[in-house]
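*Asks:* Next come the chains, spelled out residue by residue.
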Amino acid sequence: MTRGSFAAADAALAAYDGPFGEAEAAHLLRRTSFGGTRDERREIVELGPTRAAIDRTSPPDDESAYARVLDALAPLASADTLEISQSIWLTRMLRDPRPFRELLTLFWHGHFATSVTKVGRTRLLVKQVDMLRELGQGPFGELVTAISRDPAMIVWLDGNANRRHHPNENYARELMELFTLGVGNYTEDDVLEAARAFTGWHEHNGRHRFNAHEHDEGAKTLLGRSGALGGEDVIAACLEQPACGRFVGGKLFRFFVHPHPDDALIEAVGARYRESGYDTLALVRTLVGSRAFYSPEARRSIVKSPVLLAVGAARSLSLRPDTTELADRLSGLGQSLYAPPSVKGWDGGRTWLNAATLIGRANLAAELARRAAGQPVEELFGSAPADHVQALNDALLDGDAPRPLVEALRRDSLDLPTCLRAMLSVPEAQLS
Amino acid sequence: MHLTPVVLGLAFLLPAPPPAADDALSALLPEGRLAEVHVPSGKAVWDSELGRRIHTLLEDQGAFDELQDGLAALRMVTGSDPTRLIELVLGGELELGVYPTVRKNSDKPDMRNRKVLAVARTGDADGLALAMNALDAVLAASPDAKVKNGRHRKQPFLRFDDASLARVDDMLLFATDQHLLTGALDRWLDGASDVVATPFEGLASFELDTRLFRAKDIALLRTPTRKLLGKRLANPLANLLFGGLTVGEGTLHGTLTGSGEEIELDVCLPPVPDDAPRAWFPPEPATTTAMPVTPDTLAVLSLRRDLADWWRNRETYMPDGAQPALAKADQNMALIFAGQSPAEDVFGQASTEMALIVDRQRFEGGPAVPDVRLPAFCLVTPLRDPAQFTPTLSVAFQTLMGVINTDRAQNSKAPFLLDTVPHEGIGVRAAQLLAGAGSGGMGEPAAIDFNFSPAVAVVDGWALVGTSAEQVRRLVSALHAGEMTEARGVLSAHIDAERVLDALEDNRGALIAQEMLDDGLGPEEAAAEVDGLLGLVAGVHSVAGSLTRQDDCLHADFDLVLNDISP
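The listed protein sequences correspond, in order, to chains A and B. Heads up, the first sequence is in the working numbering, so the first residue is 1 and it goes up one at a time. Heads up, the second sequence is in the working numbering, so the first residue is 1001 and it goes up one at a time.
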């Protein structure tokens, strides 16, 4: 990396000061809010890029209506079934007036991937995701500490088997490899020593319990630290490493901005993240207000995950899907909430698309079209549109639908559900 | 909207008069019908309590808004009022026939597509003539209507698309197939012109020829007829409940009557032959059996079955595809019952009389009250040899709970604690979750698992196997106190709608949440939907039904008692 590349990276992270019209607003909404309606686009155009980035990542002034939604859903929370829990989370994504917090929670769910398939108790997974939602915007160190004590994570990575005389390395290894540092930034000895430091961090009756009898109080040395280290010391040591900022900050960049940052850009992102005390919200605001974010390279550069595709379409049209059925479809498309495929989370990117999932995505579009057919058209667009092809193009593709498609839909005078299916099936709809 | 499913649906909502006399309106219906529905007075149906409730329900849902708008628009465009025609047709005597279509190049009936002939006698030939003139005007003003005038043996009729319409005297004939209409006209012209009103005084009657309903593709009729209720149902529970219902062949007929708040449906199914399978039709006991109930019982489902014969001959009663799962179930039961024969030593111990008692739960004295409150279920049956079976049941319960606890432990869930709870001199074997993780407190709701505290007991020669220790204790008390309800026939059910309402209201919050998830509604909209449902249930006092074997038919009766909701 040269001095020039560092300067270019800094410039890419500088606040965007270019034109900010509906196209830019739509791009910001896709990345921070699953998508948005035309009214929302117009609202944030007025704010300009910097204030818009802050606005979309801040809670709204009045959340009382959303609080009523959450209160009404509470009686089913005790059902403790995967289907209902998935359904409730999707409902939150659809109804949260500032869905950024759900988007970021989904990011952390993929980062600290924990699956109900092994944990068994859905309730523990729901509590873990609640914790990710609560702490996800704050300092990353607090989040890592909480996840290290999280009962679902302890069950998932065999924390109860991590005992003084028989350390289990599973959590220590993933903490370094997948949660904080990335491969190549720690040694095998670091993992062994970290495992010893986490001995006794157990789960009991759905709660974290520090079992002092099973904790190894001996001296350990890892990542440049020595002493009678405990789990908190391991976390602090990981966060001290420049690799942590690069690894986690880079992952946030790929999720929110575009999938192909160069090394200098990742270095710059990592440095900012670490220097801010790993303030996640501050970094995300920097990223989604940056020149890199609005660069041509970033526009429609990310393949939408099934959840992003479905929730985005539903939010853009104020659709009211059956979320239990939707969760089932999303599982079929490879994104089962509370059940990522492995501790690595979802691979994402182009792996979302293959012959089977493309058919599944078309079926998802058909199901959303069916739901749209059952709702008044005014509910979908705010008012009855004179031209539903154009209205759908605006709502779903920000006006970017391929011209031949728009012309064909108009020429054949196809009904709204058919047009909706067609719009959601084009490549542009699969990209954020 | 497709008319035929509606008509067939009506056929099941409404129900069999004695066979129609030759001079009845049905004389106009050509032969070969699958089903026939007769309504002596449409007005009487709409004026009945049931009709009023349905009308109110439809009105509340805005079902008439579109119709009213359409009629108003027609009045403006044509200057004619089509309302009179609707009143005449729906208020008079109605006869409806459902027919199979015939496959092309074949004589075989096509069960996938049906055709319908309806005859409405208005009793007002002049009024009908005027109304038809109005209809003519409406059709003439409709640019899209492809109406053609036709004549059959000098009798005029209208034809639009596949449907045909004709007026003869005070009768309106409508058919979805022109041949059906001309067939009816032939019958009228050939001597059925002096048909008189059928003397039947109920709300409606119907008749179906079950022999014509074997085709698997009659979706609407699949459930209540041979395909699902036939001799070899694959689902064991459905097989046990409904198996044998259509062992007889012939016609099915029924009547719907209404008196004040009580609506009764009587159906006469084809009679059961003498050699009907013993599992489904065991010999009737010498005395009527009664089943225990508690003050919280919301439903009782009683059954007369020979379980031992059913299980012993399961290869005969259930299809080949179900056999592997049944063999596995047999093995598992043998394991739980310590190697005893499920057919002989377990099912063979139950008498032929049994019931499923469903109770609202109160959760008194339990470790936690779950947010979602499910009803409790208990299977009760008199035993053939209580002294022998009591220890068997107790040990099997212990083994079963051990298996369940092992599975729960593998999923990191708290176990059930087994105990014997003395109650009125009886030892109730019960398993209860301990208060602890998931039992609520610390801002957490209690888990749904706390609805279950499985229990078994043997009392006065009866075996009780239930999902709730609280319910089993109450049923022990009911048996001691003789609080019983009569079990009628081979199958009977009684639902106390007021108790059901209580159970639903216990879960109002959960129902609202479920509605939000299913329909994407907001809390207020979902609450309105749920309250609408609760309002509907509140309008019902009880629902009861039974199936009784008689010499001339298998008699089914359903009794719906509504609550008086007049202000």
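A couple of the hints might just be wrong.
[As the list claims (entries may be wrong)] DSSO-like cross-link-like pairs, simulated, lysine-lysine; straight-line CA separation at most 27 Å:
#	chain 1	residue 1	chain 2	residue 2
1	B	Lys1328	A	Lys127
2	A	Lys118	B	Lys1413
3	A	Lys118	A	Lys344
4	B	Lys1328	B	Lys1413
These aren't lab readings, by the way, just hints derived from the structure by calculation.
*Asks:* Determine for every hint whether it applies to the structure shown.
*Replies:* Hint check results:
Of the supplied pair hints, the one linking lysine 1328 of chain B and lysine 127 of chain A is violated, its CA atoms being roughly 38 Å apart against a limit of 27 Å. For the hint pairing lysine 118 of chain A with lysine 1413 of chain B, the CA-to-CA distance comes to about 13 Å; that is within 27 Å, so the pair holds. Among the hinted pairs, lysine 118 of chain A with lysine 344 of chain A is consistent with the structure: their alpha-carbon atoms are about 15 Å apart, no more than 27 Å. Distance check on the hinted pair: lysine 1328 of chain B and lysine 1413 of chain B sit about 26 Å apart at the alpha-carbon level, within 27 Å; holds.
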